[in-house]
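Engineer: Sequence:
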Amino acid sequence: MHSPASESRRRRIKSKRSRAGCRTCRARHIKCDETPGCCRNCTSTGRSCDGYDMHRLPAMSKSLVKLLGASQIAVDIGNGFRWAMTSDERRCFSYFQHHSVPTFCETVDSSLWQRLVLQMAQSDPAVYHAAVALSALHQDSEAKAMPLAADIPAHQDTWPRFAQEQLGRAFQILTRRRASHDPRLRDITLLCCLLFVLSDLLRGQYDGAFAHLQSGLRILQELQAERELVAPTPRQEQVEQCLVAAFAHLDITSAHFGVGAPLLCIDVLPREPHPHPHPHSPIPFHTLRETRDALHLVLSASYRFMVPCMGMSETEIAENYGPILSEQLDIISQITHFWDSFSPFYYTSYPHISHIDQRSAEIIHLQYIGLLVSVKTCTLGRNESALSYFTPELETIVALAESILDRFPKRPTISVDFGIIAPLYHPALSCRDYTVRWRAIKLLRAWPHREGPFDSNWIASLAEEALRLELLSRPGDGLDIGFSLSGLEDDDEFSPKRILTWIHYRHSAYPSQIADSCYMVFGDYKRITEQIPDSHRYHLAEM
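Residue numbering for the sequence shown follows numbering that gives the first Met the number 0, beginning at 0 and increasing consecutively.
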């Protein structure tokens with residue numbers, strides 16, 4: 000027998016609550032009268048009504064409840080916040096805390112995410128709303144298998160609309176505090192700026208992402224905060240060093256996308272006095288932290304050299320060959336010097352470091368090889384015979400990346416760190432051996448993820464289209480569009496006909512207008528198609 004009280008409780012549990020109440024009533028867990036503008040529940044009691052959310056998230060799936068633990072959400076987030084939170088915000092922040100932050104730390108332990116971002120998000124509402132927005136976009140992207148980033152209008156999906164509202168709240172809070180003398184405001188502004196950059200990248204809004212990045216970099220330049228990365232001083236840091244390092248890394252990698260060379264130019268800053276009696280002799284690194292700091296300097300110098308060279312015509316390179324060659328040799332020397340300092344640690348300490356550090360060491364090794372090849376080839380233009388000379392090195396990059404994916408099956412979907420995408424860019428797009436290119440493309444497809452501005456799906460799509468057009472231009476390798484994968488008798492995965500059929504199958508199964516997206520986001524697609532004979536460009540229409 001059930002008592003009348005228990006029956007009443009059961010009826011209340013079964014009844015559906017309104018999802019249209021104001022934010023204040025929802026945070027207080029009371030029924031809202033939903034009066035337009037401001038509800039009477041708030042105004043009659045002297046409270047400030049925070050208004051109504053335009054967009055609500057769908058109910059949690061069973062898999063998400065299992066991942067986060069619905070009961071754990073209330074325990075973890077119920078205390079310690081000085082502002083009211085809605086159920087949607089609680090849910091997203093729990094995802095951020097239990098999934099997004101660990102994802103950012105899967106390749107390297109990070110005080111930025113494990114300490115600074117989490118602490119600030121729980122003590123400052125602007126950072127909190129920016130983190131909730133990033134979490135919503137991250138959750139949506141993972142649910143869709145990290146789809147090709149495209150500039151999709153936010154009104155087309157619930158999650159981006161919810162994220163846009165949260166980003167708007169964060170921006171409004173920052174604007175209201177612009178004249179504040181809060182000593183934490185600088186770090187808060189930079190943290191929000193970083194979260195805005197990552198949110199825009201996840202949405203495929205590259206113009207917005209790079210605009211936010213430039214704003215953050217200008218703040219750091221005014222403070223000369225980048226000097227702390229190469230010559231730390233005893234004085235108190237103006238900005239958290241881990242935050243400066245994140246911006247410096249995004250500054251370097253964004254240079255690849257035509258937004259200007261690295262602004263911070265950390266490779267040319269005055270450094271600490273060299274402790275070695277022979278300054279040009281390599282000093283072995285003793286930790287991965289030392290290694291990563293040194294790699295940032297090498298990457299900055301390399302990108303500042305490569306980006307202008309990749310935009311030069313063959314005539315321009317020939318006219319300035321002397322200075323270009325001199326600078327190229329200097330950069331190659333710096334990269335080699337870096338490896339000479341890292342290799343003793345890499346070969347002797349590797350068996351004794353943690354699993355995460357082993358993966359980090361492998362990726363640094365991959366970055367070294369990829370960077371060296373990129374610097375050597377960035378002045379070659381369309382010289383096919385010269386590019387063919389580097390096929391063995393490009394194949395080494397692919398083999399090492401294959402080994403990393405085999406040995407480390409747990410992989411992050413988003414990162415602000417070094418990874419495999421940039422090193423695989425040239426093997427996937429430039430290698431003269433198309434079998435090596437296809438292996439690189441398959442690796443990018445096997446790990447759909449984002450590394451700062453680099454998108455594995457976008458690079459793979461770009462490389463597939465370049466390879467498709469090139470194979471179509473070869474005599475005897477035309478593709479009967481009526482073919483299907485199951486109808487092919489050729490078992491060779493590197494058969495041109497099988498590769499062409501697979502690419503056509505992907506484009507048919509995922510009609511995302513890849514070519515338009517590639518052209519819209521960057522200029523690489525245009526440069527690739529310019530290398531294809533006019534007689535074969537009609538195949539673009541088949542996409």
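Simulated from the structure, these hints should not be mistaken for lab results. Be careful, since some hints might not be right.
Said to hold, decoys possible - Now the in silico label distances, taken between C-beta atoms and shown as ranges:
{"hint": "1", "residue 1": "Arg505", "residue 2": "Pro307", "range": "30 to 38 Å"}
{"hint": "2", "residue 1": "Thr390", "residue 2": "Leu222", "range": "21 to 29 Å"}
{"hint": "3", "residue 1": "Arg175", "residue 2": "Ile316", "range": "48 to 56 Å"}
{"hint": "4", "residue 1": "Glu383", "residue 2": "Leu184", "range": "51 to 59 Å"}
{"hint": "5", "residue 1": "Tyr349", "residue 2": "Gly257", "range": "31 to 39 Å"}
{"hint": "6", "residue 1": "Gln213", "residue 2": "Tyr349", "range": "32 to 40 Å"}
{"hint": "7", "residue 1": "Tyr504", "residue 2": "Thr434", "range": "13 to 21 Å"}
Unchecked claim - Simulated crosslink set (PhoX-like; lysine-lysine; CA at most 20 Å straight-line):
{"hint": "8", "residue 1": "Lys375", "residue 2": "Lys143"}
{"hint": "9", "residue 1": "Lys496", "residue 2": "Lys441"}
{"hint": "10", "residue 1": "Lys496", "residue 2": "Lys143"}
Don't be surprised by glycine CBs; every beta carbon is placed ideally from N, CA and C.
Engineer: Now, for every hint given, state plainly whether the structure supports it.
Structural biologist: Evaluated hints:
Distance hint for Arg505 and Pro307: a CB-CB separation of about 35 Å, consistent with the stated range 30 to 38 Å. Checking the proposed 21 to 29 Å range against Thr390 and Leu222 shows it is violated: the Cβ atoms sit about 46 Å from each other. Here the CB-CB span from Arg175 to Ile316 is close to 52 Å, well matched to the stated 48 to 56 Å. Checked against the hint of 51 to 59 Å, the C-beta distance between Glu383 and Leu184 comes to roughly 55 Å, which is consistent with it.
The supplied range of 31 to 39 Å is met by Tyr349 and Gly257, whose beta-carbon atoms lie about 37 Å from each other. A beta carbon spacing of about 38 Å between Gln213 and Tyr349 agrees with the range 32 to 40 Å that was offered as a hint. At about 19 Å, the CB distance of Tyr504 to Thr434 agrees with the hint of 13 to 21 Å. Our distance criterion of 20 Å between C-alpha atoms is broken by Lys375 and Lys143, whose separation comes to about 38 Å.
Between the alpha carbons of Lys496 and Lys441 the distance comes to roughly 16 Å, so the proposed pair stays at or under 20 Å and holds. Among the hinted pairs, Lys496 with Lys143 is inconsistent with the structure: their alpha-carbon atoms are about 30 Å apart, more than 20 Å.
Figure legend: structure checked against the earlier numbered hints; hints not met, in rising order: 2, 8 and 10.
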